[in-house]
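Undergrad: Going line by line, the protein sequences match chains A and B. Take the first sequence: its letter number 7 is residue 7 in our numbering, and every next letter is one higher. Take the second sequence: its letter number 101 is residue 394 in our numbering, and every next letter is one higher.
Below, a list of computed lysine-lysine pairs in the DSS-like style, where the Cα atoms sit at most 30 Å apart:
(1) B/620 to B/738
(2) A/171 to B/738
(3) A/180 to B/737
(4) B/620 to A/209
(5) B/737 to A/135
(6) B/738 to A/180
(7) A/180 to B/620
(8) A/135 to B/738
(9) A/171 to B/620
(10) A/135 to B/620
(11) B/737 to A/171
Hint data in this document are derived by calculation from the structure and do not stem from the laboratory.
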Amino acid sequence: MGTAAEGRNEHGEGPVAISGEAQRPGHIRIGIEDFRDEPLSGRRPLILSRNFSVYYGTAAAVRDASFDIPEKLVTAVIGPSGCGKSTFLRAINRMNDLIPRCRVEGGLSLDGQDLYSPQVDVVALRKTVGMVFQKPNPFPKSIFDNVAYGPRIHGMSDRGRLAEIVEHSLKRAALWDEVKDRLGDNALGLSGGQQQRLCIARAIAVEPKVLLMDEPASALDPRSTARIEELIAELRGEYTIVIVTHNMQQAARVSDLTAFFYEGSLIEFGETKQIFTKPRERQTEDYITGRFG
Amino acid sequence: MELKTRTMLDRSFTAVGILAIVLMALSLVVLLQPIFVRGAGAFVFRGTIEYRELRLELFGRGDAAKVKAEAALAEEARGPVYEMMEAFEDELGEMEPALRRELRGEYREVKDLIGDLLGPRPGESRPALIRGQFGRTRWDRTQATLHHILYREEYDHSDQSRMGVKILKPRSEIFAGTALEPLFGRLEADIERIMRPRWTVYWRFLFDESYDAHFFGGIWPEMLGTFYLAFGAMLFAVPLGIITAVYLAEYAGESGFVSLLRTCISSLAGVPSIVFGLFGLAFFINTVGVSSGKSVLAGSMTLALLVLPTVIRASEEAVLAVPRTYKEAAMSLGAGKWHTIVSVILPAAMPGILTSIIISLGRAAGETAPIIFTAAVSVGRPIAFWQALGQPSPALPWNIYNLATEHEAVDEIRHVQYGMVLTLVVMVLLLNLTAIIVRARISKKLRG
Ligand SMILES: Nc1ncnc2c1ncn2[C@@H]1O[C@H](COP(=O)(O)OP(=O)(O)OP(=O)(O)O)[C@@H](O)[C@H]1O
Ligand SMILES: [Mg+2]
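Please put together the full structure from these sequences, using the hints given.
TA: Here it is as structure tokens:
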């Protein structure tokens, strides 16, 4: 508990553990560049968080988080249970709007657009920012209708185009071969892992720029988890992916960058390799080595 | 608790539960058995030659040649009866005045009863009411009438301290020594040849028009009226109910006003149905003036009010029971609130909503009080559905009550009344069964 109190005192205000350069709008620069054997510098930051806080009533679930999520990479958000990971994630596509007593402070922007300015069209935003939930939640409709749901509500009605989109999305989600002969079957008849990939296909079908994944594999068995991880690796480079996970190995395997939250505060943000090999903060080290959390 | 006590408790609870279910099943059987047995009498019974003649004349059904031939045979068997009557009429003219006065009254009664039994005598002028044009069409009524002919009911009031005692006096004694005396024995012996009963299945009872205040024919006007009223009520109650339910569940939030509204809706469900009936008369007919008098439209609206609380409550429960995750998924794909409701929440809530609708349909079909003042008449022809806007109609529940209490010859149309009861009960049972099946099928579809 002592660690936790310290953490809050030291890092309670303002951005932490991010080099000065990284906070300049523009390009982020991270010291070690050999992770995944490709340079991460030069990536355009897509989501900018500036002293961003989320409150449920009066309690802050995310406090003063400042960091930049770069485009077309996989960013993992880790931290102990209740530290505000989901809250932060849901702030990006404004799903927190559904919670009556939830409000935000500070700045959060996507592609230069302030997400919480009154002009934002939430529907358009959610079209740009897809989301995959912890528990697979396909609609009780056919596989086809699940994937076609997004395009349909956005005005697509041409059957042929829809079929193309469905096929493409299912292929992207590595599910096509398993379901191509039974697109008319109820999606709830699929296995958990298939359902989760279906949800990913459903999210992809509206052609988002960003994919938010909140513990997408935590309800799945190891094989399905592996498939989801492979899928994330495939989608990397095409989508900006932000993934919440409790599984350290998973974060290390799939992500380029990692943000560590603790009790609502961002403790450290940096390249995954650096976070997992040479964390700058004690708390980060304690957490990833399993000393708490 | 000890294992033994726990086991004992478990066992006794199971026993009590089974007992309760058995008791309920028994009472259901006791309740339904007479309804089914008596109600079946409207559909399957022994019809006489009169029934077949009537069926041919009113509905044009049956083999005309056969019926004619059969009628001729019956006529032949009736010949002696009429001859005896004629002989007695001649005899009556020559009697002593005192005796004549006494027997004339007695004879008139017998003559009327024989008219009821056999229909008009050959050559007699045709009565205006259909019930006068035919004899008894059903064997059970034939026997009852025969009994009336054979015995006169008298009440013995000699003991003032008690109620009058019913005495059956054979009429053959009254007419002893006259030409009419052998008629009674003859009638009793020959009744099968005279009436020619035969087992008949009359499934068209449901779809035939009714004639002469239900003396003959079926219950189609009532069926149709019930159908209009019940579905008309749904026409108003379903959209209003679902919209209200969705509003309460998804938009209303938790203000004081909303909880007041909820309380009001719940209380509305407990208001006696006669109050709805009076309200319907006072509001829909007298104040708003949807029709100048009773009409199916006004009745439907009243019934709609009656079932509305049920539809709202059940639909709201169904909407609230839809997993949050569906809503979140739809929202995260960019669906607006309205879109989410229409494309995800309502379909998922459908089993619950449909069940409430079908059960309400049964309720609307069976309610009597709300339609007494707003829609129902005792006698009427089947109406076309556009006429429902301005015209009243007979309807099953009201006519069951009406036949039982206000009909001029209750005993003669009992079978119609029981037939209506059976029809209504079966209708409601079928609706509930449909509700169960629909629910199961949709839930299965939703579960995958
Ligand atoms: N709808 C809500 N209303 C009020 N408080 C909430 C709500 N949702 C979350 N919280 C609180 O906000 C804090 C952060 O919750 P959040 O769900 O973001 O945590 P998390 O990091 O995702 O945890 P987990 O790993 O268990 O999913 C918690 O203290 C939680 O109790
Ligand atoms: Mg979470």
